[in-house]
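The hints should help you fit chain B onto chain A, whose structure is shown.
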Amino acid sequence: MATLLWLQAGACSGNTISLLNAEEPTVIDLLTDFGVELIWHPSLGVELGEAAQKLIYDCANGERPLDILVIEGTVIRGPNGTGRMDMFCGRPMTDWIRELAAQASIVVGVGDCAAFGGLPTVDPNPSDSTGLQFHRDVKGGFLGADWKSKAGLPVVNIPGCPAHPDWISQVVMAVATGRAGDLALDEYQRPSTLFTTFTHSGCTRNVFFEYKQATMEFGQGTRTGCLFYELNCRGPMTHSSCNRILWNRQSSKTRAGMPCLGCTEPQFPFDDLAPGTVFKTQKVSGVIPRDLPTGADALTYLAAAAAARISAPQWAKEDMFVV
Amino acid sequence: MTVTEPKPTIDLSVSPLGRVEGDLDLRVTINDGVVTEAWTEAAMFRGFEIILRGKDPQAGLIMTPRICGICGGSHLTKACYALDTAWGTTLPPNAILVRNIAQACETMQSIPRWFYALFAIDLVNKKYARAQGYDEAVRRFAPFVGTSYEHGVVTAGKPVEVYAIFGGQWPHSSFMIPGGVMCAPTLTDITRSVAILDFWRQEWLESRLLGCAYERWLENRTWEDILEWVDENQAQRDSDLGFFIRYAREIGLDAYGAGPGHYLAMGTFFEPSQYTTPTIERRNHALISRSGVFADGRDHEFDHTLVREDHTHSFFRGSASLHPWEGVTDPIDPEDGRRQGKYTWAKAPRYEIPGLGSVPLEVGPLARQMVAGNPERQAWQDHDPLIRDCHEKIGPSIFLRVLARLHEAAKYYRLTRGWIDQIDLHDRYYLKPTEPESGKGFGATEAARGALADWIVLEGGRIANYQVITPTAWNIGPKDVNENRGPMETGFIGAPVADLHDPIELGHVARSFDSCIVCTVHAYDGRSGRELSRFTVNGMG
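Residue numbers (our numbering), protein chains in the order written: chain A, 1 to 323; chain B, 1 to 541.
For reference, chain B alone in the conformation it holds in the complex:
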């Protein structure tokens, strides 16, 4: 359509946004070509938390990986640690190492597939045809035929070959179990894993993504370091990351897409010597990739008891803000829900911060790397000032969210190689636990796209309550009882929309959060309610 009215007001709706919680519609109001309000609407419901009630305590190991096919290994990881804490198991160091390796391999798989298949294909949108880097972007990133596209998508399968060596298959294995892991790798399993990861390092990480040794990239500590790295030589400048850093700023991806500015990481990967008796209390201390909340410019220790789920605007009965151990999942007909001001199947996770109240927190690579910048840490914990420095100097944006994600490819490779070397082939992988009839557990990890956690209550040898909070819920969840927007809703605010028929800018924002699903954006005229355009953002997961 041609916009002729002065100051047009338009509404946009992202339909399926995360298959984790179902399809998502996003409605956005646009004034003067800029987004001024947003509502995220998850459009699909399966009710896994309801199904889990009354089932075998270990049912979550089978059920929760199937919540999301792209984060299934992450679901397994946290479901298993939740049971470890509920049952009070003891873990051999090998089991912790294998769980770390598996979790990291899933994420290493996800980074290139997400970047090339979901995010970067939008960089060849015709909106940018006049950009200096446009022809190069098309050459690399065009779907199916781009020089980096097929290579990135296919070699991404290599890290999960390593997952399969330990777990039998990926996706959807359930090989982690309270007390350890099911596998008992042999020497050739280890050597093959090393060879496969080395192939991925050479064939993608260093030759395509970085244009340099991964150790060189990891020397960068500040935003200035990154700028110098780009211009250091032709190989780095022309690498996919070097090109992205230049092109993304040319087309303005550093200018919008900021979330609430408050971040949560629940952390992942445990130092084997520190977590052989997994408890909720020892968790923060034992993590390698740390947990934490960065809010209002300050670091706060993560405490799971401060998590709430609000369903004021979700298609569940009533209105409450509950800790997940007390959480309820009581669905209602969306038609009835809409009459009560509800608009989504996702709940709104919030976190209680003394002095700030109940706060929406962004999760994901940017949040993880913000938390990694906290200088106070244990010897085994990751301290990495890079992204926090960039955040301070250039601010959060679509660009910084993507940069944080690509940065993790090198970090996770280095960690994983180290863990493989630590496996003691002559030690155990499992210590058979007792199975107490009752207990409460909390398990969490970092899926590629952010903090993922289970809260489990066991009574009489069965599941009395099971609540999962996915990263998609944290990021794409709706407004809460105080009408505070969810993080991605906030991310849309201020986004410029140049072409109402093709609001690609909203695609960038949605995809930078890795909003794992098909997103259909409907554009409506704010005055007449007439639909102006409809736009689909592809997604996976």
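Chain A with its partners taken away, still in its complex shape:
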């Protein structure tokens, strides 16, 4: 049995809503069958009023054991470092997070906002938001680079905007079933089991990527071509399992014709959504993609691309997923 407390800071609730779509297990099975005792959650908590407040205060005071603290949303520090742009139970949420994090065995940052700061941190960051232990790709964030939980772990980040429901439920189950020790983390403190492969891994458009065939525009013809070359798909540079563990049991953005935005990476949103960057691949000298697939160097990539393009069979230039 592991106790879990879930709070929302500068959040849209997208990760909570995403979690409700989980099916193996469902969020309700997770709570009733798999040994997770939900102390409180803003959407699912049963206790109301004084009882709920007492639960949270007891956790913060160390009077009630807290195994897993889940934070969804950015840590809002504004205005002027007071935290008063996000009040919870009459106190700045920053106070709650600091106190609860000190008591929890493991702290999990769910979603890009809690992990890295995400969209609210985009310039001019009006709420002075940051992530729990990162500010975009810079280590530190709200808790500081050296912070560790009682179990000796840094914040476990489950990024994504939102995180996939299975990413959340499987990590919670791993902790609840005593496998926290198996949670190897990468440089951005993401569980390696979920964030080592790329969005690209398992994408149905790989056959087009292989022969460097570009999707030239949306909608018409998105059943053919790869979105990387013209439409700013970040699939080959983004660590996620979106095309291994499908969304809503059906699909993924790239399968449906939408470019990957790279939302599991700390730099999301890339280029801070500056004019000319949205859904348009950024290029060097007008032709070469500025960001190449992770690990590729420009010269060999260009040589391989040229050869691939020449060798492309006719089918790679046609609509493969036909009506």
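It is possible that part of the hints are untrue.
[To be verified] Here are the computed lysine-lysine pairs in the DSSO-like style, where the Cα-Cα straight-line distance is at most 30 Å: (1) B/126 to A/280; (2) B/126 to A/54; (3) B/432 to A/283; (4) A/280 to B/432; (5) A/280 to A/317; (6) A/54 to B/127.
Since the hints were made in silico from the structure, they are not lab data.
What follows is chain B alone, placed relative to chain A:
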């Protein structure tokens, strides 16, 4: 506490009420056990409108769905139509159909999740232990273990599987784009969508919610029809809706919770043949689920230029009432704001009605269905007299707001099935638009919980101004310069509070508006200022 003083006066405060605009506190004054004044206080600010300034014109397609995780698809829909109008795009009919389907699927997901996980769990409150239907309410609606709870919450994921087939994922896709949609579904995408929706119809809509074919429920045109429907047979009487209609009236949910009595729908879903060149001017005409304002018992055509946002009592600099194209978002420290009589991060949206002035309007399912009762319409537009008839005969209340929402489950299912059948797999889904450097756009839709709109101003190939008005702002926004209450503030007036330690009645009102967030209600003694009780209303979104 035990109230011993005569005529006690108490203050209540709903803290986080809508994560769309941030957490909300609600303060309420209670006299003689009845709410006499209310202040809604949104407690969280992220400033997305400020971030959007200077960014790529299409940044709103990525940014605004992340304002609210439960209405993200609705944010995408209106953000995209705002750009369509600003850029003057042309849309293929397929794109309009797919956008309609996606918007409807998000709402079909929301109806059962909101009803079971947020609203109905309050129906098992101990206050109602002596009610005839109480044991049955507990059996069905108790959180996690109720016979309808898990089933409703889990099967609600089915309609958004259809969203994912078209949009890749739900929540937080950005697959709608000026000129159309990004997807190009295949035959098996269509057949699978039909099968998934059919599963949802059989496994929840008809077997659990209605106890009858959805077509039978939609035959109801009047309040009397509904009463007859309940008693028509055992299956309907014992369905979740049949039970709710009986139990809600037994415990008095039809007796309070009325908003201002003025309603706004901005409408949603377009008739494909009528909106292939989206303009602000043609919008009302092309809608299927109509826009309109119902105020003072009369129908008025919706005109977005009559919308104002007032921030007299909001934590933004100064005091003004501006059209969103001219809107400003200049935050100040809440501590300073409170000294100026400000009390919330939400602005107060208002609507100018000739002869009535600047009016707060309730948005949401009740408002939509009131507007749907307007008999003057185009052939493709929804005309549905049911809820307007109920409004006339039993008046607005918590009960009628919930009834309107559940009614829409059947309506949206029927519409969505029709749109899927209309998709022409051999036609296009996107027509690449030109990208003018400057322009003004307006896009709107109906999120599950009400009218949602963006106003965008483009200059020099970037966003010069971006303003979003959410349904939560319409409903939970504060008082305005004339001290007129926001709609939900009005909804609390007259609410009886039986137990100050557990003011469940305020939870009912707040949740009937789908006040999408954690609501903490603090109760204070009006004379001493001493806190009497503190109460949390759960929420999501």
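Q. Which of the numbered hints are not met once you compare them with the structure shown?
A. 1
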